[in-house]
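**Student:** Sequence:
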Amino acid sequence: MKYRVFPNTDVRVSEVGFGTWTTSTGWWGDKTDADAVAMMRRALDEHGVTFFDAADAYGNGRAERQIAEAFRGRRKEIVIGTKIGYDIYDEAALAARRGQQELPMRTDPTFMRMAVERCLERLETDYIDVLQLHNAKMEHVRDAELWGTLRDLQREGKIRAWGAAFGPAIGWLYESVELVEREPDINTIQMIWNVLEQHPGSAMIEAARRHAPNCCFNVRVTHASGMLEGKYTEDTVFPENDHRRHRPRSWLVNGVQKVKTLGFLTTRMTLGQAAIKWLLAEPLVVTALPNVYDDEQVAEFAAAIDAPDLSAEDMTRVQELDAVNFGIDEEPMKYKGAMTREQGANVDLQDARNPISRPAMPANRGA
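The numbering of the sequence shown is my numbering, which starts it at 2 and goes up by one.
Incorrect hints may appear among the rest.
Listed next, with one range per pair, are the computed distances between beta-carbon atoms [to be verified]:
| # | residue 1 | residue 2 | range |
| --- | --- | --- | --- |
| 1 | Gly328 | Arg250 | 12 to 22 angstroms |
| 2 | Lys232 | Gly328 | 37 to 47 angstroms |
| 3 | Ala93 | Glu332 | 30 to 40 angstroms |
| 4 | Met115 | Arg42 | 26 to 36 angstroms |
| 5 | Asp296 | Tyr336 | 33 to 43 angstroms |
Just so you know, the hints here were simulated from the structure itself, not pulled from any lab data.
We put the CB at the ideal spot given by N, CA and C, even for glycine.
Please build the complete structure, drawing on both the sequences and the hints.
**Tutor:** Pasting the structure below:
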């Protein structure tokens with residue numbers, strides 16, 4: 002394993018992390034707590050994975066409790082990321098929730114501090130390495146008191162780094178752009194970004210490069226909800242409780258066709274490993290957080306670190322394919338959040354789903 006540091010902090014994380022959404026929510030199939038704990042321990046002991054990413058909303062605290070159980074007595078060996086913002090303590094809202102419906106959010110200082118204390122209790126620790134606001138909206142971006150509260154928590158030693166996680170859907174463009182403009186000392190952003198879903202993540206990275214000198218990225222949905230593992234076919238059927246079962250069939254059919262164009266990436270490694278190498282070619286990415294649901298996947302993705310870097314030709318070819326949507330003619334992606342700027346110029350950070358308007362790839366990308 003190799004490691005990267007959150008700029009201007011002493012938070013050092015493995016280049017491949019472990020996202021606990023899959024082990025704690027049931028949306029990727031059911032896992033027992035014992036299964037999750039054993040997987041996490043093996044990820045650290047056998048593969049050097051040190052960054053474990055959770056949220057208080059993942060299983061209403063279940064992910065955090067799994068981390069605590071897995072590493073009791075080993076706190077200094079791991080780095081913990083978690084998220085707050087959803088009111089998981091509102092029993093009426095929990096009872097009325099259906100499927101993946103969002104819970105109400107609360108970001109007033111009193112609630113945030115209470116939420117952090119509850120996270121600390123479940124994690125059985127006295128500090129959180131990386132705390133992010135979960136699925137930040139524009140109203141949160143423009144709330145200076147919210148970000149001031151995170152700075153206060155950092156100064157108090159409750160957290161070591163702070164930032165925001167953007168989503169759901171494919172990530173929110175101008176929420177993140179405005180955040181790095183308004184709060185240029187932000188430490189990190191978590192977003193969806195992968196070979197098949199480059200927009201708007203690429204533009205978010207470019208905005209951080211321009212405005213927030215110490216902002217790095219921890220990336221989720223690294224394999225396009227499993228598409229970039231290279232194992233789906235048009236006949237794949239997902240289990241009843243798997244969230245991918247409820248996506249339109251066109252997502253599966255078009256995705257399989259897109260993956261067929263990426264065979265050139267698999268001559269020296271698996272497609273799943275190449276997807277991670279593509280992400281880590283970006284210097285502002287500190288860790289990739291693949292969705293993992295068995296030990297075989299943990300081993301495969303961790304081993305990507307030992308695979309050769311993608312060549313400049315590989316990187317260019319991916320960029321060319323992305324520009325033509327991997328040869329697939331499909332309806333434009335429907336995004337949540339702000340995809341155009343309400344005030345001021347769009348500073349060439351692209352409009353909606355138009356690959357031609359995307360910013361040029363930085364010269365050091367893939368070098």
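**Student:** Determine for every hint whether it applies to the structure shown.
**Tutor:** Against the structure, the hints come out as follows:
1. Gly328 - Arg250: 12 to 22 angstroms: 19 angstroms, holds
2. Lys232 - Gly328: 37 to 47 angstroms: 21 angstroms, violated
3. Ala93 - Glu332: 30 to 40 angstroms: 37 angstroms, holds
4. Met115 - Arg42: 26 to 36 angstroms: Check passed, 30 angstroms falls within 26 to 36 angstroms.
5. Asp296 - Tyr336: 33 to 43 angstroms: Since Asp296 and Tyr336 have Cβ atoms about 35 angstroms apart, the given range 33 to 43 angstroms holds.
Hint 2 from the list above is the single one not met by this structure.
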